[in-house]
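Engineer: Turn these sequences into a full structure, and let the hints guide you.
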Amino acid sequence: MGKHITYIILLFSWSFSYSQIQTIDSLFSVAQTYNTRDSLDINVLSALQKVFNESKESGTNYRMDEICTALGDFFFNYGLYEDGIEYYAYIFSTNIDTTNKSERLINIYRKIGQSYSFLGQPDSAYTYYSHIFSAFSFPERLDVLRDLVEIYANNNNHRKSLEYNQTIEQLLLANQSPVSELSKVYNNIGYNFHSLKEYENSVDYFEKAIGIHPDLPLEEKAVILGNLAISHYNLGDVNKSIQLLYEASSMIKDDKQRAELNHLIASMHQSNNDYFNALEYYQRAGNYAQKAGQIDLLADIYAGFSTVYNQTHEYDLAFEYFKNYSRLTDSLSFVDQLNQKRILDNQKYIARTEKENRLLKAQQDFQKIKIAQLETEAKNQTLRTEALQNDSIQRVNQLELAIQEKEIAEAKERNNALEITRQKNLVELTNQQLVIARANELNAAIEKEKQQKEFELAQEKIVVQERDAQIKEEKNANEAKAREIEKRKVNQRNTAIIAALLA
Numbered sequence: 001m002g003k004h005i006t007y008i009i010l011l012f013s014w015s016f017s018y019s020q021i022q023t024i025d026s027l028f029s030v031a032q033t034y035n036t037r038d039s040l041d042i043n044v045l046s047a048l049q050k051v052f053n054e055s056k057e058s059g060t061n062y063r064m065d066e067i068c069t070a071l072g073d074f075f076f077n078y079g080l081y082e083d084g085i086e087y088y089a090y091i092f093s094t095n096i097d098t099t100n101k102s103e104r105l106i107n108i109y110r111k112i113g114q115s116y117s118f119l120g121q122p123d124s125a126y127t128y129y130s131h132i133f134s135a136f137s138f139p140e141r142l143d144v145l146r147d148l149v150e151i152y153a154n155n156n157n158h159r160k161s162l163e164y165n166q167t168i169e170q171l172l173l174a175n176q177s178p179v180s181e182l183s184k185v186y187n188n189i190g191y192n193f194h195s196l197k198e199y200e201n202s203v204d205y206f207e208k209a210i211g212i213h214p215d216l217p218l219e220e221k222a223v224i225l226g227n228l229a230i231s232h233y234n235l236g237d238v239n240k241s242i243q244l245l246y247e248a249s250s251m252i253k254d255d256k257q258r259a260e261l262n263h264l265i266a267s268m269h270q271s272n273n274d275y276f277n278a279l280e281y282y283q284r285a286g287n288y289a290q291k292a293g294q295i296d297l298l299a300d301i302y303a304g305f306s307t308v309y310n311q312t313h314e315y316d317l318a319f320e321y322f323k324n325y326s327r328l329t330d331s332l333s334f335v336d337q338l339n340q341k342r343i344l345d346n347q348k349y350i351a352r353t354e355k356e357n358r359l360l361k362a363q364q365d366f367q368k369i370k371i372a373q374l375e376t377e378a379k380n381q382t383l384r385t386e387a388l389q390n391d392s393i394q395r396v397n398q399l400e401l402a403i404q405e406k407e408i409a410e411a412k413e414r415n416n417a418l419e420i421t422r423q424k425n426l427v428e429l430t431n432q433q434l435v436i437a438r439a440n441e442l443n444a445a446i447e448k449e450k451q452q453k454e455f456e457l458a459q460e461k462i463v464v465q466e467r468d469a470q471i472k473e474e475k476n477a478n479e480a481k482a483r484e485i486e487k488r489k490v491n492q493r494n495t496a497i498i499a500a501l502l503a
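Taking my numbering, the leading residue of the sequence shown gets 1, the next gets one more, and so forth.
Treat the hints with caution; some may be incorrect.
[Claimed, not checked] Calculated lysine-lysine pairs in the DSSO-like style (CA-CA distance at most 27 Å, straight line):
(1) K101 - K111
(2) K475 - K487
(3) K291 - K253
(4) K412 - K424
(5) K221 - K291
(6) K489 - K472
(7) K160 - K111
By construction, these hints were calculated from the structure, which means they are not laboratory data.
Structural biologist: Set out below in structure tokens:
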């Protein structure tokens, strides 16, 4: 059989909480909500970077681990994992005690590991998880191994994921752990074998997961039975798969799970050319999907209806369900595009602000160096002037004295010019700070307008879902409206920039 079904569910039973970074003095207090994904606040980022720069320049690295963790979490929460790693890693240059595996340090290791996982570098993630592993003993080490199982599975290295699951199995057996934990790990090993297309082994472990736990909760048993059914299907035993799915569906009450299982049953009946039962279970799946609000699954169900009716030569019904399928997929695609655009816009905005903040900091540092050089030159000039004055007292020749006095006057004039230059530089530095303040005000205005735009897009989404026949026309209208908003936004930025330049 050429077709494979991969609807396999992993069972995990652990969770980690990440401690919130406490405020650091008055500047750090504005960043208390830095890890709230729903509100993009560039002022928070600027405040955190200001505290970071001040702590770094002080030479004491005062509370630098908290500051860097806050900055790292800010970038992590917006999917800018490389920027987050940069700040997490900086912590290790601040003389932090890495021998004391505190909760904060372990969370930093875990965040760096997760970041590398999202970047598709599971081996780099393992490097940091190994530090966490060495800090714990059984049973806490199980949580670390389970994280590694998930990381390698998410990066499609199922062989490595299998190795860590088998290590978990050995630890559970060696420590006489509850059968409920063994049942979960057997299911997960079955998942690994299924992902490796070793279906016979996956069947063995799914059956072990059920057999070892006589009091297995019905919902968990239904999940494992569903996994077992898919493995039998991929081995070519469709009837066995359907029988197992019937058994699983009788154990669950959740509409979402019922919709998914009935959709699977319908798909298997369809592959077995049993169109009558396929239609019946597609209908059941559709009813449950509508109750649970599973629009994406409902689209797949409509596609199944369309395929069955096409195979039974009922082309009008096939076309009708195909239109329903296309309508839902277009709607889902539109919403997904809006969400992706919002995420990308946020990431670009944060990256640009980060670059601008660093550039302004470099300019300020350069101005400070220039001012220091001018002040040093002024002091040296004063010393030279005093030396000339002392030397002129010893001269008895009036002509030489006049020449010396002229030199002193010229030196004072040069010193005054240097002082004027220094004052100009101080004014320039003040102007730079005003530009930063104005940029922050502009960013706040842009953020407010963006939130209004997101609200309008959310309203448009409701209209799109309610109207079927007019969706394309309204979509074009919404896109035109978005372009007009963007045009106004650009005009506002240009106006603000011109105003700033003229100020």
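Engineer: Give a verdict on every hint.
Structural biologist: Now for the hints, and whether the structure bears them out:
no.: 1; hint: K101 - K111; verdict: holds, 15 Å
no.: 2; hint: K475 - K487; verdict: holds, 18 Å
no.: 3; hint: K291 - K253; verdict: holds, 12 Å
no.: 4; hint: K412 - K424; verdict: holds, 18 Å
no.: 5; hint: K221 - K291; verdict: holds, 23 Å
no.: 6; hint: K489 - K472; verdict: holds, 25 Å
no.: 7; hint: K160 - K111; verdict: holds, 21 Å
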